[in-house]
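Colleague: Sequences and hints are given; from them, build the entire structure.
There are 2 protein chains.
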Amino acid sequence: MLLSEVGEFGLIERIRKICPGYGNRIILGIGDDAAIVESQSGRSLILTTDALVEGVHFDLRYVPLDSLGWKALAVNLSDVAAMGGAPICCLITVAIPECWNVERFELLYQGIIQCGERYQCPIAGGDTVKSPSSSFISVSVLGEAQAGEIKKRSGARSGDLLCVTGELGGARVGLEVLRAGEDESDFYTKSISRFLKPIPRIAESQKLISELSVTSMIDISDGLASEIRHLCKASGLGCRLFGDRIPVSDETVRWAQKNGISPLEIALESGEEYELLFTVDPIILNRKTHEYSSKQTGLFSIIGEMRPQSEGLQIRDGSRARTMANKGWDHYLSGMSIG
Amino acid sequence: MLLSEVGEFGLIERIRKICPGYGNRIILGIGDDAAIVESQSGRSLILTTDALVEGVHFDLRYVPLDSLGWKALAVNLSDVAAMGGAPICCLITVAIPECWNVERFELLYQGIIQCGERYQCPIAGGDTVKSPSSSFISVSVLGEAQAGEIKKRSGARSGDLLCVTGELGGARVGLEVLRAGEDESDFYTKSISRFLKPIPRIAESQKLISELSVTSMIDISDGLASEIRHLCKASGLGCRLFGDRIPVSDETVRWAQKNGISPLEIALESGEEYELLFTVDPIILNRKTHEYSSKQTGLFSIIGEMRPQSEGLQIRDGSRARTMANKGWDHYLSGMSIG
Numbered sequence: 004m005l006l007s008e009v010g011e012f013g014l015i016e017r018i019r020k021i022c023p024g025y026g027n028r029i030i031l032g033i034g035d036d037a038a039i040v041e042s043q044s045g046r047s048l049i050l051t052t053d054a055l056v057e058g059v060h061f062d063l064r065y066v067p068l069d070s071l072g073w074k075a076l077a078v079n080l081s082d083v084a085a086m087g088g089a090p091i092c093c094l095i096t097v098a099i100p101e102c103w104n105v106e107r108f109e110l111l112y113q114g115i116i117q118c119g120e121r122y123q124c125p126i127a128g129g130d131t132v133k134s135p136s137s138s139f140i141s142v143s144v145l146g147e148a149q150a151g152e153i154k155k156r157s158g159a160r161s162g163d164l165l166c167v168t169g170e171l172g173g174a175r176v177g178l179e180v181l182r183a184g185e186d187e188s189d190f191y192t193k194s195i196s197r198f199l200k201p202i203p204r205i206a207e208s209q210k211l212i213s214e215l216s217v218t219s220m221i222d223i224s225d226g227l228a229s230e231i232r233h234l235c236k237a238s239g240l241g242c243r244l245f246g247d248r249i250p251v252s253d254e255t256v257r258w259a260q261k262n263g264i265s266p267l268e269i270a271l272e273s274g275e276e277y278e279l280l281f282t283v284d285p286i287i288l289n290r291k292t293h294e295y296s297s298k299q300t301g302l303f304s305i306i307g308e309m310r311p312q313s314e315g316l317q318i319r320d321g322s323r324a325r326t327m328a329n330k331g332w333d334h335y336l337s338g339m340s341i342g
Numbered sequence: 004m005l006l007s008e009v010g011e012f013g014l015i016e017r018i019r020k021i022c023p024g025y026g027n028r029i030i031l032g033i034g035d036d037a038a039i040v041e042s043q044s045g046r047s048l049i050l051t052t053d054a055l056v057e058g059v060h061f062d063l064r065y066v067p068l069d070s071l072g073w074k075a076l077a078v079n080l081s082d083v084a085a086m087g088g089a090p091i092c093c094l095i096t097v098a099i100p101e102c103w104n105v106e107r108f109e110l111l112y113q114g115i116i117q118c119g120e121r122y123q124c125p126i127a128g129g130d131t132v133k134s135p136s137s138s139f140i141s142v143s144v145l146g147e148a149q150a151g152e153i154k155k156r157s158g159a160r161s162g163d164l165l166c167v168t169g170e171l172g173g174a175r176v177g178l179e180v181l182r183a184g185e186d187e188s189d190f191y192t193k194s195i196s197r198f199l200k201p202i203p204r205i206a207e208s209q210k211l212i213s214e215l216s217v218t219s220m221i222d223i224s225d226g227l228a229s230e231i232r233h234l235c236k237a238s239g240l241g242c243r244l245f246g247d248r249i250p251v252s253d254e255t256v257r258w259a260q261k262n263g264i265s266p267l268e269i270a271l272e273s274g275e276e277y278e279l280l281f282t283v284d285p286i287i288l289n290r291k292t293h294e295y296s297s298k299q300t301g302l303f304s305i306i307g308e309m310r311p312q313s314e315g316l317q318i319r320d321g322s323r324a325r326t327m328a329n330k331g332w333d334h335y336l337s338g339m340s341i342g
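If you read the protein sequences in the order shown, they are chains A and B. Heads up, the numbering used here is the position in the first sequence plus 3, with the first residue counted as 1. Heads up, the numbering used here is the position in the second sequence plus 3, with the first residue counted as 1.
The set of hints was computed from the structure by calculation and includes no laboratory data. Hints are supplied without guarantee of correctness; some may be wrong.
Copies of one chain are not kept apart here, so a pair can be met inside one copy or by any two copies together.
List time: in silico SDA-like cross-link candidates among lysine to any residue, alpha-carbon distance up to 25 Å [as the list claims (entries may be wrong)]:
#1 200 with 131
#2 200 with 4
#3 20 with 158
#4 210 with 250
#5 200 with 19
#6 20 with 109
#7 193 with 41
#8 193 with 274
Modeller: Quick look at the structure:
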């Protein structure tokens with residue numbers, strides 16, 4: 004059977020099935036943003052890893068090496084944030100072709116170090132190996148959280164409000180502008196920065212957990228629509244999405260209009276956004292409305308409501324309601340992917 | 004500056020220099036077999052990662068996929084053993100070309116799972132991505148040890164005896180026999196198994212630490228000579244090696260004689276042996292001589308004595324004493340490496 008027939012998520016399912024039980028120490032294994040390992044003193048360890056491959060996840064013709072280094076670590080920090088944790092340290096594995104010079108290698112590392120300093124995640128070790136062709140970066144991050152504050156994607160309850168931090172679409176726009184080498188990149192600086200140097204929402208995650216007791220959380224690496232699907236599936240629920248409340252960045256709206264694409268579709272499908280998607284009890288949120296009334300647009304937006312599984316995934320766009328298209332994000336289904 | 008001019012260890016040194024301080028939690032960072040992170044309750048966390056790249060570290064024409072999976076995890080477990088720890092769990096990152104079918108992928112995973120079950124290191128998560136050409140496996144292992152039982156490579160003292168577990172040379176012989184596709188592979192089954200499915204010395208490490216209070220430890224991934232050099236450098240010492248006491252496997256002696264190579268040179272330079280090289284106080288070892296007199300050849304051999312740095316690295320081979328050649332193991336200096 005070809006890999007393209009089962010896809011990335013199919014492969015993950017198959018691995019999960021052939022893996023034996025986790026034993027006592029692994030509280031959460033394959034299938035969430037990160038793994039959780041029991042530790043002493045009521046704290047849990049968080050482990051996550053993500054790899055970026057040249058020609059699949061990045062193209063060095065328009066991605067500077069220091070941005071690449073930053074991003075390789077940031078995407079892992081985003082997974083730690085999505086579990087409700089803070090990073091402790093990271094391991095960096097780099098495979099590089101012999102034609103690279105030392106300066107290129109160090110530029111890559113400077114990006115990793117810059118991101119690690121910004122988010123207090125020092126490099127504890129790693130491996131540097133030769134690659135016969137493409138370059139490859141694999142980062143693993145160790146993090147931790149109070150055991151009770153771990154946020155799985157499976158914790159949402161029917162009636163919870165679905166929320167997302169920030170504004171969506173910029174990562175896709177940034178990639179498209181860079182890829183096209185357009186002269187007007189000056190109009191899309193925020194989007195380009197968002198694509199090249201994503202901001203992991205670690206501080207935001209801590210704030211949301213302590214102030215709003217969020218019930219589930221996931222980060223948007225594969226696109227909003229795809230992540231909502233993951234969250235619904237893991238929680239055994241459906242969802243009603245308010246299309247007109249999904250926050251789309253100004254630059255995304257401008258680029259979408261220019262290219263005759265719906266901004267909403269970009270916001271739903273753009274991968275690598277690294278915002279937090281989470282659910283919260285409406286009673287708790289209502290109680291805090293006065294605190295969030297001014298901040299709400301800044302920190303997060305309420306974009307939907309969790310519903311029983313039987314209702315499926317509905318999106319209300321203006322006066323129309325439709326079932327959300329099942330477009331996943333999958334490196335084995337897409338050709339040259341942006342994720 | 005070209006990568007080949009600085010080499011792998013030169014690159015590690017450069018990374019170490021540009022990395023900022025580790026903060027309070029990282030007790031041991033870049034430069035040992037694994038990183039050590041402070042944990043609660045007197046326990047330390049051990050983090051290590053190692054990558055294998057097709058065409059650099061393995062050749063699928065003679066390495067079965069399940070062996071490759073086993074080995075990818077085993078080499079990391081060997082690093083955990085070298086620190087004196089036991090594994091908790093692992094993360095698996097695999098980059099594979101689209102032409103692979105699902106069965107190949109699962110065979111690779113079965114090898115990983117088999118090794119993980121044997122050494123109690125379940126898979127906690129990972130990442131599966133597409134590679135445009137060669138396949139690539141990166142494994143990270145989280146382990147732990149009592150804080151006082153962590154064994155660095157820097158702990159040796161002048162006068163300590165230098166010891167090594169097992170018998171050396173088989174990994175090199177196994178690789179050569181497989182690579183040559185020789186008909187006589189039946190004569191080298193132990194060597195082939197040693198190359199394809201190395202045994203991480205986790206139980207041996209625990210036993211040596213509790214019974215002999217070893218002062219430093221390192222595993223032999225880059226060859227005995229190279230690892231002795233690392234241990235000496237980290238401990239600020241020299242070493243006098245007893246060439247005739249270095250344990251060489253029977254198959255290595257046979258293969259070496261047939262090919263007109265010195266068995267001792269193979270034992271000194273063969274990479275991927277994954278035995279433990281360690282130092283121990285001679286007073287403690289003498290006190291236990293009666294316990295080890297019968298087992299000694301089985302569990303470990305005394306192969307040298309740590310000396311002041313000024314004496315350098317000497318090897319006594321029969322009646323001759325010579326300075327050990329500075330042949331390192333380096334993916335950037337060697338062409339198609341076996342390490």
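Colleague: Now look at each hint and say whether the structure bears it out.
Modeller: Evaluated hints:
1. Taking the shortest alpha-carbon separations for residue 200 and residue 131, both the intra-copy value of 23 Å and the inter-copy value of 23 Å come in at or below 25 Å.
2. Taking the shortest alpha-carbon separations for residue 200 and residue 4, neither the intra-copy value of 37 Å nor the inter-copy value of 27 Å comes in at or below 25 Å.
3. In this homomeric assembly, residue 20 and residue 158 come within 25 Å of each other (Cα to Cα) only inside a single copy, at 22 Å, whereas the closest approach across copies is 44 Å.
4. In this assembly of identical chains, the alpha carbons of residue 210 and residue 250 lie at most 25 Å apart only when taken from the same copy (20 Å versus 59 Å across copies).
5. Proximity of residue 200 to residue 19 under the C-alpha cut-off of 25 Å is restricted to the inter-copy arrangement: shortest distance 24 Å between copies versus 32 Å within a copy.
6. Proximity of residue 20 and residue 109 under a CA criterion of 25 Å is satisfied inter-copy only: 11 Å between copies versus 40 Å inside one chain copy.
7. Taking identical chains as interchangeable, the C-alpha atoms of residue 193 and residue 41 are never at most 25 Å apart, the minima being 39 Å within one chain and 39 Å between chains.
8. For the identical chains of this complex, residue 193 and residue 274 are intra-copy neighbours only, at 16 Å inside a copy versus 49 Å across copies, given an alpha-carbon limit of 25 Å.
Hint violations for this structure: numbers 2 and 7, all remaining hints satisfied.
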